[in-house]
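Chains as they are written, first to last, in our numbering: chain A, 1 to 338; chain B, 339 to 676; chain C, 677 to 1014; chain D, 1015 to 1352.
For the record, the hints were derived by calculation from the structure and aren't laboratory data. Careful, some of the hints might be misleading.
[Said to hold, decoys possible] Derived lysine-lysine pairs resembling DSSO-like cross-links, with alpha carbons at most 30 Å apart:
{"#": "1", "chain 1": "A", "residue 1": "K142", "chain 2": "B", "residue 2": "K665"}
{"#": "2", "chain 1": "A", "residue 1": "K61", "chain 2": "A", "residue 2": "K132"}
{"#": "3", "chain 1": "B", "residue 1": "K381", "chain 2": "C", "residue 2": "K725"}
{"#": "4", "chain 1": "A", "residue 1": "K224", "chain 2": "D", "residue 2": "K1057"}
{"#": "5", "chain 1": "A", "residue 1": "K327", "chain 2": "B", "residue 2": "K665"}
{"#": "6", "chain 1": "B", "residue 1": "K448", "chain 2": "B", "residue 2": "K617"}
{"#": "7", "chain 1": "B", "residue 1": "K629", "chain 2": "B", "residue 2": "K399"}
{"#": "8", "chain 1": "A", "residue 1": "K279", "chain 2": "C", "residue 2": "K925"}
{"#": "9", "chain 1": "C", "residue 1": "K900", "chain 2": "A", "residue 2": "K224"}
{"#": "10", "chain 1": "C", "residue 1": "K955", "chain 2": "D", "residue 2": "K1035"}
{"#": "11", "chain 1": "A", "residue 1": "K224", "chain 2": "A", "residue 2": "K132"}
{"#": "12", "chain 1": "A", "residue 1": "K49", "chain 2": "A", "residue 2": "K21"}
{"#": "13", "chain 1": "B", "residue 1": "K617", "chain 2": "D", "residue 2": "K1293"}
{"#": "14", "chain 1": "C", "residue 1": "K818", "chain 2": "C", "residue 2": "K725"}
{"#": "15", "chain 1": "A", "residue 1": "K49", "chain 2": "D", "residue 2": "K1035"}
{"#": "16", "chain 1": "B", "residue 1": "K562", "chain 2": "A", "residue 2": "K249"}
{"#": "17", "chain 1": "D", "residue 1": "K1146", "chain 2": "D", "residue 2": "K1238"}
{"#": "18", "chain 1": "B", "residue 1": "K617", "chain 2": "D", "residue 2": "K1144"}
{"#": "19", "chain 1": "A", "residue 1": "K181", "chain 2": "B", "residue 2": "K663"}
Protein chains: 4
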Amino acid sequence: MKIAIIGYGYWGPNLVRNFNKTPGCEVACIFDLNEKQLNRANKAFPDIKLVNNYDEILQDKSITAVAIATPVFTHFKLAKQAMMHDKHVLLEKPMTASVVEATELIEIAKNRGLVLMVDHTYLYTSAVEKIKEIIDSGEIGKIKYIDSTRINLGLFQTDVDVLWDLAPHDISICSFLMKEKPIAVQAVGVSHIDNDLENIAYLTLHYPGNRIAHFNCSWVSPVKIRQMLIGGDKKMIVFNDLETTEKLKIYDKGYNVIPESDRDKLLVDYRIGDIQIPKIPQSEALAGMAKDFVNSIETGNMPRSNYQSGLEVVTILEAATYSMKNKGTEVELTYANA
Amino acid sequence: MKIAIIGYGYWGPNLVRNFNKTPGCEVACIFDLNEKQLNRANKAFPDIKLVNNYDEILQDKSITAVAIATPVFTHFKLAKQAMMHDKHVLLEKPMTASVVEATELIEIAKNRGLVLMVDHTYLYTSAVEKIKEIIDSGEIGKIKYIDSTRINLGLFQTDVDVLWDLAPHDISICSFLMKEKPIAVQAVGVSHIDNDLENIAYLTLHYPGNRIAHFNCSWVSPVKIRQMLIGGDKKMIVFNDLETTEKLKIYDKGYNVIPESDRDKLLVDYRIGDIQIPKIPQSEALAGMAKDFVNSIETGNMPRSNYQSGLEVVTILEAATYSMKNKGTEVELTYANA
Amino acid sequence: MKIAIIGYGYWGPNLVRNFNKTPGCEVACIFDLNEKQLNRANKAFPDIKLVNNYDEILQDKSITAVAIATPVFTHFKLAKQAMMHDKHVLLEKPMTASVVEATELIEIAKNRGLVLMVDHTYLYTSAVEKIKEIIDSGEIGKIKYIDSTRINLGLFQTDVDVLWDLAPHDISICSFLMKEKPIAVQAVGVSHIDNDLENIAYLTLHYPGNRIAHFNCSWVSPVKIRQMLIGGDKKMIVFNDLETTEKLKIYDKGYNVIPESDRDKLLVDYRIGDIQIPKIPQSEALAGMAKDFVNSIETGNMPRSNYQSGLEVVTILEAATYSMKNKGTEVELTYANA
Amino acid sequence: MKIAIIGYGYWGPNLVRNFNKTPGCEVACIFDLNEKQLNRANKAFPDIKLVNNYDEILQDKSITAVAIATPVFTHFKLAKQAMMHDKHVLLEKPMTASVVEATELIEIAKNRGLVLMVDHTYLYTSAVEKIKEIIDSGEIGKIKYIDSTRINLGLFQTDVDVLWDLAPHDISICSFLMKEKPIAVQAVGVSHIDNDLENIAYLTLHYPGNRIAHFNCSWVSPVKIRQMLIGGDKKMIVFNDLETTEKLKIYDKGYNVIPESDRDKLLVDYRIGDIQIPKIPQSEALAGMAKDFVNSIETGNMPRSNYQSGLEVVTILEAATYSMKNKGTEVELTYANA
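Model the full assembly from the supplied sequences, consistent with the hints where possible.
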């Protein structure tokens, strides 16, 4: 199976490297409009063909799939064209710049029987896989809240704000871990430069039953933090992605509401037990993602990081932007059929 | 100068101990309605008189001041009675349960020439004093944002939610550090037990000029975090209150907007320099607070943690509660004259 | 049971407080030759009698026991006199300034049926008790090495070097945890001031079967470290005494020698599994020590931190001093009968 | 300038990559006796010639230099042959298996005017360069001690013990930082497998004037630590190589001996001030090493990591082995002329 890599910026080289080592897959060519990027590609992968005319790829029948790693606003057009030429499509996150675009792409993929996948790489990390396994085992009970902090002195993007840049990680992880979708969203943020793209933003997701997820995203923090707390009613997990050997800690810690308590006394009983740090196998998440894409094309099975997940992320981001531009008003979420 | 300690719960013993060692001050008696608490007080301070009748204290002309450490909903009545009997008043945080109560107390204090002070203990910590000194020196430039995380598996209060319990620390610190007051507030939170008091809540303060403060408050975190980021446009400070010797780190880190940049390129230039960890003297904050109260009574000077700070905290909390109960709607802040 | 506290320096107040709250025990008086110390004692414990004449205590038949917290070189004389007057004796660590002194005290205690105990407080910490429990359960297998770092910018003692000051903690813990006694000792150290008392020193204990313990002791480290590694052949423990909630980590980590390996290949197979952080109950170690002393007097049972442990510590320290003053030569250990 | 890489094991690929990007230098061929390794090399560097006959390289007059990354016991023979064929030589650390070998190689290099360099990579790290700069500025005063911990669950080497594997890093750093050479050495260690190669070892270096360096080296620690304390009489440095952004901390911390103190009082006065974390530029140390080698060949200047440093390391290791096999006896150091 031959794949074309579309866009050779920050993420492109990783895609080339990982698809090239995926069994049954070969990177046929790299596309970019920028000569400098193509030169970089040439140095790193002298054997791979370089292309600066997208049509050439569309017309090439030997190419089965494209992996698109270009700015978000170009995703829709590039993906649509590719699918119209019967190519399977992998899109970098976020999937598209709007829900309308995402739903149209999904429609096309369904009609033409093509794989349309979004690269939410985190879903293929050993840590997130382990968290999923722990949650599904029932060990931590029902999730009551998720609280994530994803901050550092990061590159100010020039086309998207900090939420569209960083929150797709958190949203796609929540989408993967939770059995339900959020019903409402709120966001506040500020921009400190005059392009009106927020560089600090806080996003809150409301789930049925008083459950909540909150994401703290910033490009202007002096310290780098990648920490997610997952509070179950039995146990709680702390996922610190900057740790090398202790990424996950499972706390046997929590409280129990005492049902028959009389109201003058404290209503809850606290519990503090052992902490467990499970071993997480070391593996490159992107390799798992590439394999899942290739496998989906071969078998027709839905990939883990599928278009539904992609659509959920875009739906939430679109609502978050609306909320952020409207004083943080709560926006109810409705999901397009997909 | 004789002082009476009103309420001998969690904080009472600390007040007794600190006022007793404040020069020019003596704890004359301890008041509590609960026999158990009085017994505890008797064991710890066998020489101090115990009282379970508030009127006895009000009538005692030898008592100059009262320090009130009872549940919030009792603050107004106890403080008002004390001032009507010409006693100076120290109130634990938060000052009162409402703005109306706070303004009435302030009115009385002004009319009668009494000291009315709120115990925002953090303002007397060496760390916050150092931060104030750094900010006032201009070293970090203009503050663009404050981001605080104050979470752990904490005691569920039965009379106030997590914001009224924890956020007074953050609000009073912001009030002390910032030259301006916030103009609007938003809050979201959830309650996981059926008394409707939120145990996780996020509070956002909006300041003029796109500046923001955000507080993450929780009683249900598996890990304890007490961290505040203060982002100046020159440098940034991280205040980690759980560190013993490295509470403050000053990062020479940030970005500069490049004015003449053409819009196709990145708009900002990044800067990463040294980190400074200033030495913070070890001292008990509460001793400084007690001394400030006694000094204010003696000199008539406004204490650092004064009723204006107390009123600002209550004003923001009241608005935050409104916001939290109304889907996080943004509430504009107006401050009573004080 | 009445007890006298001998010496009211750094540790004295803790002894008073803990013996006073031990059931069946009462601090009858505090002895010190220094007027200043007696004044301090008077302020803290106004109800306790102060004594500056040791004979007064010796002659007081109502006093059952003495707890001696004076400089090491005075331990022997004070303890001997007390036992000759039929008083049970608790000595601060290290027990005595020499093996000769220690064995004579032990002889007297045996002949007179008195309790002679040494305050190795660490043996009563929840962390060390937990480690002992884990080792005895067989979970970590046979201990292959112990490696301890106990360094900070500490007070230079004027009568003992850094090993006599800090290593008693490590030696007594090893003595408690290991089934065997060390057979040889080595030490190197340097003094940076002209009193010839080493302020940095490294102590190595050799156990039968190529097992080793090594202690890094320093008063001149910029950072404070209190970390002990315990390497078992099944699992390993890290004991970080500066952690509040994660003092112990049990690593399912190690290697297995592959018996039939051919010699051109690697001889060992590595294993990395989960990490467990057991919950450690919070308790004051000194209270446990005081209780054990009182209980030993009442029941005649050997206390945990007994004179054998005290003698082992002094035996090792005496040999370590010899080694340190003789170019780190290995000194074989022989233990006096006790 | 053409260079041949001798040995394509763990370190070989890094040498190829770095020499290939060094201006004025080109990797002409890769030598290994093991077919598997050559296949690995072929995959990674398809354009580079592979050789399994060392003589072919010796005879190739176009090859200016060889970089030897083979097991230690082969260093002498391979380097000698290369120099006899007038090739400059870079040797991986440790330089040789004995002082005799090292001095003979140095003799040859001198006689033939060839560069003989040892790859002590640490000397080219930004952190060590910064430490050197700080020490040379006089900021931390005279170094009183160095204390290094270099432990983790590491690969058991089959040809050298843990000291020969890990201590070259520490020794070469000390050699670079200190103005003097150590005058004596001591080492203790144990082997837990039956090949008699120590897997835990402690090495002590004695410098004139009661100054000391101590290295804790282990392949069997459950935790990875790479920490070096450098105690100056003015300030102290902590170098934590596992930190990403805070590798160096400079502590304004120490003590002053009070000269006129009367002997009943404490002899020292303590000082605790700010901590400074200097910015360390990010750079690949090996690139700097490669550049230094090429530059030395071109200019005839002595490289930083020169044969004197290599000889000092081997001299100390040889004495350490003797000490370790002789009960840790102190071994006086004499250095061959070089």
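Hints versus structure:
1. A:K142 <-> B:K665: holds, 24 Å
2. A:K61 <-> A:K132: The hint is violated at about 39 Å.
3. B:K381 <-> C:K725: holds, 19 Å
4. A:K224 <-> D:K1057: Not OK: K224 of chain A and K1057 of chain D at ~36 Å, beyond 30 Å, violated.
5. A:K327 <-> B:K665: Cα-Cα ~12 Å, so holds.
6. B:K448 <-> B:K617: Roughly 39 Å separates the two Cα atoms, so the pair is violated.
7. B:K629 <-> B:K399: Satisfied, since the Cα-Cα distance of roughly 22 Å is no more than 30 Å.
8. A:K279 <-> C:K925: holds, 14 Å
9. C:K900 <-> A:K224: holds, 25 Å
10. C:K955 <-> D:K1035: Roughly 52 Å between the alpha carbons, so the hint for K955 of chain C and K1035 of chain D is violated.
11. A:K224 <-> A:K132: This hinted pair holds, its Cα atoms lying about 25 Å apart.
12. A:K49 <-> A:K21: Between K49 of chain A and K21 of chain A the Cα gap is close to 17 Å, so the pair holds against 30 Å.
13. B:K617 <-> D:K1293: holds, 19 Å
14. C:K818 <-> C:K725: violated, 51 Å
15. A:K49 <-> D:K1035: holds, 24 Å
16. B:K562 <-> A:K249: holds, 14 Å
17. D:K1146 <-> D:K1238: Judged against 30 Å, a Cα distance of about 25 Å means the pair holds.
18. B:K617 <-> D:K1144: holds, 23 Å
19. A:K181 <-> B:K663: Cα-Cα ~22 Å, so holds.
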